[in-house]
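Taken in sequence, the protein lines are chains A and B. Just so you know, we're using my numbering here: the first sequence kicks off at 11 and counts up by one. Just so you know, we're using my numbering here: the second sequence kicks off at 69 and counts up by one.
Worth flagging that the hints you see were computed from the coordinates, not collected in a lab. Heads up, some of the hints might be wrong.
Cut-off 16 Å, straight-line C-alpha distance, at most; resulting in silico cross-link-like pairs (EDC-like, lysine to aspartate or glutamate) [stated by the list, open to error]:
no.	chain 1	residue 1	chain 2	residue 2
1	A	Lys78	A	Asp37
2	A	Lys11	B	Asp127
3	B	Lys139	B	Asp106
4	A	Lys52	B	Asp119
5	A	Lys78	A	Glu66
6	B	Lys86	B	Asp106
Quick list of simulated restraints, FRET-style, between CB atoms [claimed, not checked]:
no.	chain 1	residue 1	chain 2	residue 2	range
7	A	Arg71	B	Lys86	44 to 50 Å
8	B	Ser76	A	Leu123	18 to 24 Å
9	B	Thr151	A	Gly51	18 to 24 Å
10	A	Phe105	B	Gly84	39 to 45 Å
11	A	Thr55	B	Asp119	23 to 29 Å
12	A	Ser69	B	Glu85	28 to 34 Å
13	A	Thr68	B	Leu79	36 to 42 Å
14	B	Pro129	A	Pro92	36 to 42 Å
15	B	Asp106	A	Val23	24 to 30 Å
16	B	Thr73	A	Gly70	25 to 31 Å
17	B	Thr73	A	Ile17	19 to 25 Å
18	B	Met122	A	Asp49	29 to 35 Å
19	B	Tyr78	A	Asp37	18 to 24 Å
Cβ coordinates follow ideal geometry from the N, Cα and C atoms, glycine included.
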Amino acid sequence: KQEVTQIPAALSVPEGENLVLNCSFTDSAIYNLQWFRQDPGKGLTSLLLIQSSQREQTSGRLNASLDKSSGRSTLYIAASQPGDSATYLCAVRPFYNYGQNFVFGPGTRLSVLP
Amino acid sequence: DVKVTQSSRYLVKRTGEKVFLECVQDMDHENMFWYRQDPGLGLRLIYFSYDVKMKEKGDIPEGYSVSREKKERFSLILESASTNQTSMYLCASSLIPRSGTANYGYTFGSGTRLTVV
Numbered sequence: 011k012q013e014v015t016q017i018p019a020a021l022s023v024p025e026g027e028n029l030v031l032n033c034s035f036t037d038s039a040i041y042n043l044q045w046f047r048q049d050p051g052k053g054l055t056s057l058l059l060i061q062s063s064q065r066e067q068t069s070g071r072l073n074a075s076l077d078k079s080s081g082r083s084t085l086y087i088a089a090s091q092p093g094d095s096a097t098y099l100c101a102v103r104p105f106y107n108y109g110q111n112f113v114f115g116p117g118t119r120l121s122v123l124p
Numbered sequence: 069d070v071k072v073t074q075s076s077r078y079l080v081k082r083t084g085e086k087v088f089l090e091c092v093q094d095m096d097h098e099n100m101f102w103y104r105q106d107p108g109l110g111l112r113l114i115y116f117s118y119d120v121k122m123k124e125k126g127d128i129p130e131g132y133s134v135s136r137e138k139k140e141r142f143s144l145i146l147e148s149a150s151t152n153q154t155s156m157y158l159c160a161s162s163l164i165p166r167s168g169t170a171n172y173g174y175t176f177g178s179g180t181r182l183t184v185v
């Protein structure tokens with residue numbers, strides 16, 4: 011059964027730093043991997059979606075990579091800002107169950123200090 | 069802009085009440101999902117539907133039921149609300165993966181914070 015873990019569980023950095031969030035999954039048979047952002051008390055906002063055939067996706071200051079064979083993805087945030095403070099979740103869509111459901115990691119809670 | 073809309077942001081209900089949470093998507097997605105999210109427990113799947121009138125139990129279906137009479141609408145029903153169902157409820161939708169489809173990621177609604185007193 012697919013399991014997703016995220017390290018670290020929480021991270022606090024000063025404004026302006028570049029940072030990396032890590033996501034690991036146990037089964038490489040996936041359709042895609044998606045990174046989400048969640049602000050306190052809100053829903054999930056999709057940041058980046060990487061198809062299984064892709065190595066990385068970029069959007070503004072965000073870059074997500076995927077190494078399917080090793081079961082890893084990283085989310086790189088450049089020049090962090092206080093507005094980046096949120097919980098970041100990764101999710102994979104596995105082949106089993108006909109790809110119906112995503113499997114979510116527990117999230118990394120990020121605080122960017124001004 | 070494509071959307072998943074949850075009818076209420078905040079709800080307060082009494083123990084024993086029947087509660088309906090509504091979710092509507094405008095993307096013609098086949099799949100729709102209901103999750104609950106609690107501190108320390110992450111996202112847990114309650115039910116999902118892969119087509120009209122079709123439903124599958126997720127990880128924690130007890131105390132819940134669902135209805136999908138139309139493709140765009142997926143309702144979560146708490147038959148008799150209890151205090152342990154106080155939670156954030158999140159609806160999501162997605163396409164079924166198929167060859168040639170570019171984007172079959174999840175799209176989430178804004179969430180409904182339900183408090184049962």
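Quick rundown of the hints versus the structure:
For a cut-off of 16 Å, the pair hint linking Lys78(A) to Asp37(A) stands: about 9 Å separates their Cα positions. The hinted pair formed by Lys11(A) and Asp127(B) meets the criterion: a straight-line CA distance of about 13 Å does not exceed 16 Å. Annotation: proposed proximity of Lys139(B) to Asp106(B) is violated, straight-line Cα distance about 28 Å (limit 16 Å). Distance hint between Lys52(A) and Asp119(B) is unfulfilled; the C-alpha atoms sit about 27 Å from each other, more than 16 Å.
The straight-line distance between the Cα atoms of Lys78(A) and Glu66(A) is roughly 11 Å, inside the 16 Å bound, and the hint therefore holds. Between Lys86(B) and Asp106(B), the direct Cα distance comes to roughly 21 Å. Violation of the 16 Å bound is thereby established for this hinted pair. Evaluation of the 44 to 50 Å hint for Arg71(A) and Lys86(B) yields a pass: the beta carbon distance comes to about 46 Å. Between Ser76(B) and Leu123(A) the Cβ separation comes to about 34 Å, which falls outside the hinted range of 18 to 24 Å.
A hinted range of 18 to 24 Å holds for the C-beta pair Thr151(B) and Gly51(A), which are about 19 Å apart. At roughly 42 Å, the beta-carbon separation of Phe105(A) and Gly84(B) lies within the given 39 to 45 Å, and the hint holds. Distance hint check: the CB atoms of Thr55(A) and Asp119(B) are about 27 Å apart, consistent with the given range 23 to 29 Å. Judged by the Cβ atoms, the range 28 to 34 Å given for Ser69(A) and Glu85(B) is violated: they are separated by roughly 42 Å.
With their beta carbons about 39 Å apart, Thr68(A) and Leu79(B) fall inside the hinted range of 36 to 42 Å. For the pair Pro129(B) and Pro92(A), the beta carbons lie near 40 Å from each other, so the given range of 36 to 42 Å is met. Separated by about 27 Å at the C-beta atoms, Asp106(B) and Val23(A) satisfy the suggested range of 24 to 30 Å. Judged by the Cβ atoms, the range 25 to 31 Å given for Thr73(B) and Gly70(A) holds: they are separated by roughly 26 Å.
At about 34 Å, the CB distance of Thr73(B) to Ile17(A) disagrees with the hint of 19 to 25 Å. Here the CB-CB span from Met122(B) to Asp49(A) is close to 33 Å, well matched to the stated 29 to 35 Å. Remark: the range hint 18 to 24 Å for Tyr78(B) to Asp37(A) is contradicted by a beta-carbon distance near 38 Å.
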